[in-house]
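Student: In the numbering used here, the protein residues as written are 1 to 351.
Take the hints with a grain of salt, since some may be wrong.
With a cut-off of at most 20 Å between alpha-carbon atoms, the simulated DMTMM-like pairs for lysine to aspartate or glutamate come out as follows [what the hints assert, rightly or not]: (1) K7 to E30; (2) K337 to E191; (3) K158 to D219; (4) K158 to D118; (5) K343 to E326; (6) K337 to E319; (7) K322 to E33; (8) K330 to E128; (9) K339 to E199; (10) K7 to E33; (11) K337 to E199; (12) K337 to D140; (13) K345 to E329; (14) K345 to D118; (15) K339 to E191; (16) K158 to E207; (17) K343 to E128; (18) K330 to D118; (19) K158 to E223; (20) K158 to D113; (21) K345 to D193; (22) K7 to E20; (23) K158 to E191.
Pair ranges (Cβ atoms, derived) [to be verified]: (24) A333 to S200: 19 to 29 Å; (25) T78 to D140: 23 to 33 Å; (26) A136 to T78: 38 to 48 Å; (27) P315 to D193: 45 to 55 Å.
Rather than coming from a laboratory, the hints here were simulated on the basis of the structure. Since the structure is predicted, the reported quantities are computational estimates derived from the model, not experimental observations. By construction, the Cβ of each residue, glycine as well, lies at the ideal position given by its N, Cα and C atoms.
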Amino acid sequence: MGRSGHKNLDRLIDDVARGERQLSSIHNTELRESVRIALHLHADAPSVPDAYTKARMRTRVMARLDPRSRRLRDTAWTFLELLARPAPYIVRGVALGSLVLCFALAGFAASADALPDDTLYPVKIAAEQVRLALAAAPADRAAVEMSIAEHRLGEAEKLAATGRTSDALVASAFYSEHIAAAAAELAPADEIDLSVQLESRFSAQRERALSLAATLATDVKSERASTVLAMIATSPLAPGRTQVERVAESAVTLAADLADAAEEAAPRAETRTATAAARATTRAVETLRATAGVSRAERQSTAHPTLQPAATQDPRASEAAKTTREAAEKARAAADKVKNAVKQKGNGASK
1 MGRSGHKNLD RLIDDVARGE RQLSSIHNTE LRESVRIALH LHADAPSVPD AYTKARMRTR
61 VMARLDPRSR RLRDTAWTFL ELLARPAPYI VRGVALGSLV LCFALAGFAA SADALPDDTL
121 YPVKIAAEQV RLALAAAPAD RAAVEMSIAE HRLGEAEKLA ATGRTSDALV ASAFYSEHIA
181 AAAAELAPAD EIDLSVQLES RFSAQRERAL SLAATLATDV KSERASTVLA MIATSPLAPG
241 RTQVERVAES AVTLAADLAD AAEEAAPRAE TRTATAAARA TTRAVETLRA TAGVSRAERQ
301 STAHPTLQPA ATQDPRASEA AKTTREAAEK ARAAADKVKN AVKQKGNGAS K
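Could you put together the complete structure from these sequences and hints?
Tutor: The structure is reproduced here in structure tokens:
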């Protein structure tokens with residue numbers, strides 16, 4: 001059978017296998033028999049390789065394998081592959097945590113200038129409490145308390161500038177409370193530098209309040225609220241055995257004056273006496289004249305920071321009176337803590 005015969009046989013086998021031609025249609029007996037045998041062999045072919053074929057395949061595969069021993073790099077790579085399996089969960093957790101942290105930091109930054117009743121004001125207060133909780137050393141806690149006091153004083157200034165007298169009273173009372181708390185943190189330790197810094201900052205804050213009060217007094221809208229800042233300015237350092245004790249007692253005096261003024265501004269049914277505010281502010285002015293320098297006394301000799309009655313009743317006056325009184329009581333507790341610490345140190349030094 002020549003080349004053309006082989007091609008003809010292959011074509012016939014394909015045609016019959018595909019069903020395009022019947023085996024009986026092949027007239028050549030030899031070709032028909034060859035096609036039949038080929039189709040029979042194909043149908044009876046095993047579906048899996050025989051033992052010889054398997055052995056030959058295994059030999060070829062094993063010949064291509066690297067017979068070298070396992071190295072450290074291979075072990076490290078395997079470890080990294082195993083570590084990579086939970087990686088998507090770790091990455092998602094880190095990404096989610098980073099996103100929450102970014103939103104929190106953005107909220108803290110945006111709340112820095114928030115005032116009471118603003119949406120972000122609770123965030124501002126929460127951030128301050130977190131800072132205070134993270135401060136372990138007394139000096140660090142005193143620094144945080146001073147920072148919070150600065151925030152409350154800044155709020156009081158802004159609130160007074162907009163004529164929000166009741167809110168300015170509350171912010172000023174909180175300012176006094178945190179000043180006393182800062183002094184209480186410093187009292188047990190002999191931190192002379194921090195004590196000097198506390199007294200210096202307290203004096204500078206009162207000077208700043210005096211300057212702003214004079215400016216706000218010229219505006220009809222903020223004239224009444226400017227009295228609150230004037231009360232801060234006319235609260236000089238009270239007597240004390242140490243700088244810390246003087247600052248604490250001065251903060252208590254200021255807080256009590258603010259509470260008296262807030263109660264006087266509240267409805268009479270909810271106040272203690274009708275003359276509380278006048279008595280408080282008169283005491284502040286008299287103390288100022290007795291302890292301040294001549295130039296300071298002359299500048300304030302005609303200024304009597306008495307909170308005048310509002311033209312219209314402030315619906316928040318009662319709440320402000322209650323809040324300022326609570327702040328004054330907390331300031332008093334902090335000042336008592338300072339007094340006890342100073343007394344214990346004095347007793348220890350005398351033994």
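Student: All hints are to be evaluated individually against the structure, with a verdict given for each.
Tutor: Do the hints match the structure? See the list:
Taken as a hint, the K7 and E30 pair is honoured in the structure, with Cα atoms around 15 Å apart against an allowance of 20 Å. At most 20 Å may separate the alpha-carbon atoms for a hinted pair to count; K337 and E191 meet this at roughly 16 Å. In summary, the hint linking K158 to D219 is supported, as the alpha carbons are separated by about 14 Å, within the 20 Å threshold. Note on K158 and D118: the hinted pairing holds, with a Cα-Cα distance of about 13 Å set against a maximum of 20 Å.
As the CA atoms of K343 and E326 are separated by approximately 26 Å, the hinted pair breaks the 20 Å bound. Between K337 and E319, the direct Cα distance comes to roughly 28 Å. Violation of the 20 Å bound is thereby established for this hinted pair. About 116 Å separates the Cα atoms of K322 and E33, which puts this hinted pair outside 20 Å; it is violated. A C-alpha spacing of about 18 Å is found between K330 and E128, which places the hinted pair at or below 20 Å, so the restraint holds.
A hinted pair counts as satisfied when its Cα atoms are at most 20 Å apart, and K339 with E199 qualifies at roughly 16 Å. The suggested pairing of K7 with E33 holds, with an alpha-carbon distance near 16 Å, which does not exceed 20 Å. Between K337 and E199 the CA atoms are separated by roughly 18 Å; this keeps the pair inside 20 Å, and the hint holds. The suggested pairing of K337 with D140 holds, with an alpha-carbon distance near 18 Å, which does not exceed 20 Å.
The straight-line distance between the Cα atoms of K345 and E329 is roughly 25 Å, outside the 20 Å bound, and the hint therefore fails. Among the hinted pairs, K345 with D118 is inconsistent with the structure: their alpha-carbon atoms are about 44 Å apart, more than 20 Å. In summary, the hint linking K339 to E191 is supported, as the alpha carbons are separated by about 16 Å, within the 20 Å threshold. Distance hint between K158 and E207 is fulfilled; the C-alpha atoms sit about 16 Å from each other, no more than 20 Å.
Annotation: proposed proximity of K343 to E128 is violated, straight-line Cα distance about 31 Å (limit 20 Å). Note on K330 and D118: the hinted pairing is violated, with a Cα-Cα distance of about 25 Å set against a maximum of 20 Å. About 13 Å separates the Cα atoms of K158 and E223, which keeps this hinted pair within 20 Å; it holds. Proposed proximity of K158 and D113 is supported: the alpha carbons are some 10 Å apart, at most 20 Å.
A distance of roughly 18 Å separates the Cα atoms of K345 and D193; the hinted pair therefore holds under the 20 Å criterion. As the CA atoms of K7 and E20 are separated by approximately 17 Å, the hinted pair is consistent with the 20 Å bound. Note on K158 and E191: the hinted pairing is violated, with a Cα-Cα distance of about 33 Å set against a maximum of 20 Å. Between A333 and S200 the beta carbon distance is about 25 Å. The supplied range of 19 to 29 Å therefore holds.
Between T78 and D140 the beta carbons are some 48 Å apart, a value that contradicts the proposed interval 23 to 33 Å. Checked against the hint of 38 to 48 Å, the C-beta distance between A136 and T78 comes to roughly 45 Å, which is consistent with it. Distance hint check: the CB atoms of P315 and D193 are about 46 Å apart, consistent with the given range 45 to 55 Å.
Of the numbered hints stated above, those contradicted by the structure are hints 5, 6, 7, 13, 14, 17, 18, 23, 25, listed in ascending order.
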